[in-house]
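Quick mapping for you: the protein sequence lines, in order, are chains V and G.
Numbering-wise, the first sequence is residues 153 to 339 according to our numbering.
Numbering-wise, the second sequence is residues 153 to 339 according to our numbering.
These are calculated hints, taken from the structure and not from any lab test.
Note that the structure is a prediction, hence the values are computed from the model and not measured.
Be aware that one or more of the hints could be misleading.
Said to hold, decoys possible - Okay, the calculated bits of chain V under chain G, using three or more residues with CB under 8 Å as the criterion:
#, stretch
1, 185-196
2, 252-266
3, 274-286
4, 326-337
As the list claims (entries may be wrong) - EDC-like, lysine to aspartate or glutamate: derived pairs with alpha carbons at most 16 Å apart:
#, chain 1, residue 1, chain 2, residue 2
5, G, LYS241, G, ASP296
6, G, LYS238, G, ASP194
7, G, LYS335, V, GLU253
8, V, LYS335, G, GLU283
9, V, LYS238, V, GLU283
10, V, LYS309, V, GLU286
11, V, LYS165, G, GLU297
12, V, LYS241, V, ASP194
13, V, LYS238, V, GLU188
14, V, LYS241, V, GLU283
15, G, LYS238, G, GLU283
16, G, LYS165, V, GLU297
Said to hold, decoys possible - So the derived list for chain V, only partly shown, Cβ under 7 Å to chain G, looks like this:
#, residue
17, ASP216
18, TYR270
19, PRO271
20, PHE314
Built from N, CA and C at the ideal position, the CB exists for glycine as well.
There are 2 protein chains.
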Amino acid sequence: MIFSRRRTRIFLKYQLEQGHAARTNTFSPDIRDEQEKLLWADFVIFQFPLRWYSVPAILKGWFDRVFASGFVYGQGIGRYDKGGLKGRKAMVSTTTGSPREAFTPYGMDGDIHEKILYPIHHGMLYFAGFEPVEPFITWTPARDEEARIRYLDEYKKQLQNFSAIPSILYHPTSHYDEHHQLKTEYR
Amino acid sequence: MIFSRRRTRIFLKYQLEQGHAARTNTFSPDIRDEQEKLLWADFVIFQFPLRWYSVPAILKGWFDRVFASGFVYGQGIGRYDKGGLKGRKAMVSTTTGSPREAFTPYGMDGDIHEKILYPIHHGMLYFAGFEPVEPFITWTPARDEEARIRYLDEYKKQLQNFSAIPSILYHPTSHYDEHHQLKTEYR
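Assemble the whole structure, with the sequences as input and the hints as a guide.
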């Protein structure tokens, strides 16, 4: 169940129903719980295995349902630096099946930052208002047990000083013109 | 249910179980059915609304489960031009919530080809062996009814001559060296 009350039963337009649920406080309890956790948090870690160069389906479903219109955007809420979760940071921590070299600009799988994680960092997290920080990437932990243990240690140290992790710098919406184009002075 | 018989019950490693299911022909019937449809097809269209700058969760789940190790890669099957579905073409047909200008190189949402669809075209379709062709993108159909009808007509014409749609040209695996780097002569 997604909504306890539908706005219209003639057709389903997901964002319309989400907006209605937000206005009438009728999100299903599991979604409301997740939204409340996000509002409470000031730093959120998304831990997942990189699967088919994106998040696993179950986490995508979490974004599709929890990042609702009327909660993180829409209904008078903005997007990106004006998104509903603004003032909070988020970090991706992911594990890969291919080695680091495959994810470089000339690597076979494509640049991890500019190509693979962009739709997650920019399209999901930043769109919703989060300030994404540099990800923690564990390369091929299933193939090297010693490296896996070193990564755990490194990750622990990283988290002990999590507020020092640099943010990924994206342009605020004010740097774009009315045609959604980055103004020339910021290029 | 994903597998009718597990290889190991001590821990779950998804690819290991997929490989086992492939070797012993024990994928669950719904997955086997989807795999057989792919082997039968020579041109596959993936029609979906762009949601959070990727495929909706239910389609991601389809990729996660159907594009199994031992079917499209692994167990002696290669990747990209040597993937299990080689010899077949695939086309993305998607609908957006933001206008075309927002998805240009200086657009607010990021370049649709280089950033947003790359993990799908290259990471999912090409990885599995498909030759992806140029996508059919319907910009903001929910906001302009006349445009929506024009798109339907344009799409119909496109499909009547689908074999003429240009492929997206990615490098074959032979263009990469042993460190997964594109060889200098192809840069």
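We went through each hint and held it up to the structure:
1. 185-196: Not satisfied, violated; 0 residues make the cut.
2. 252-266: holds (count 9)
3. 274-286: holds (count 4)
4. 326-337: holds (count 5)
5. G:LYS241 / G:ASP296: Distance ~31 Å between LYS241 (chain G) and ASP296 (chain G) Cα, so the pair is violated.
6. G:LYS238 / G:ASP194: This hinted pair holds, its Cα atoms lying about 10 Å apart.
7. G:LYS335 / V:GLU253: Roughly 13 Å between the alpha carbons, so the hint for LYS335 (chain G) and GLU253 (chain V) holds.
8. V:LYS335 / G:GLU283: Roughly 36 Å separates the two Cα atoms, so the pair is violated.
9. V:LYS238 / V:GLU283: The given pair, whose Cα atoms are some 7 Å apart, holds under the 16 Å limit.
10. V:LYS309 / V:GLU286: Distance ~15 Å between LYS309 (chain V) and GLU286 (chain V) Cα, so the pair holds.
11. V:LYS165 / G:GLU297: The hint holds at about 15 Å.
12. V:LYS241 / V:ASP194: It holds: about 6 Å lies between the C-alpha atoms, which stays within 16 Å.
13. V:LYS238 / V:GLU188: This hinted pair holds, its Cα atoms lying about 14 Å apart.
14. V:LYS241 / V:GLU283: holds (5 Å)
15. G:LYS238 / G:GLU283: Holds, because 7 Å separates the two Cα atoms, which is no more than 16 Å.
16. G:LYS165 / V:GLU297: holds (15 Å)
17. ASP216: Nearest chain G Cβ about 5 Å off; hint holds.
18. TYR270: holds (5 Å)
19. PRO271: holds (4 Å)
20. PHE314: Cβ of PHE314 (chain V) sits 25 Å from chain G, so the hint is violated.
Violated hints for the displayed structure, listed by number in ascending order: 1, 5, 8 and 20.
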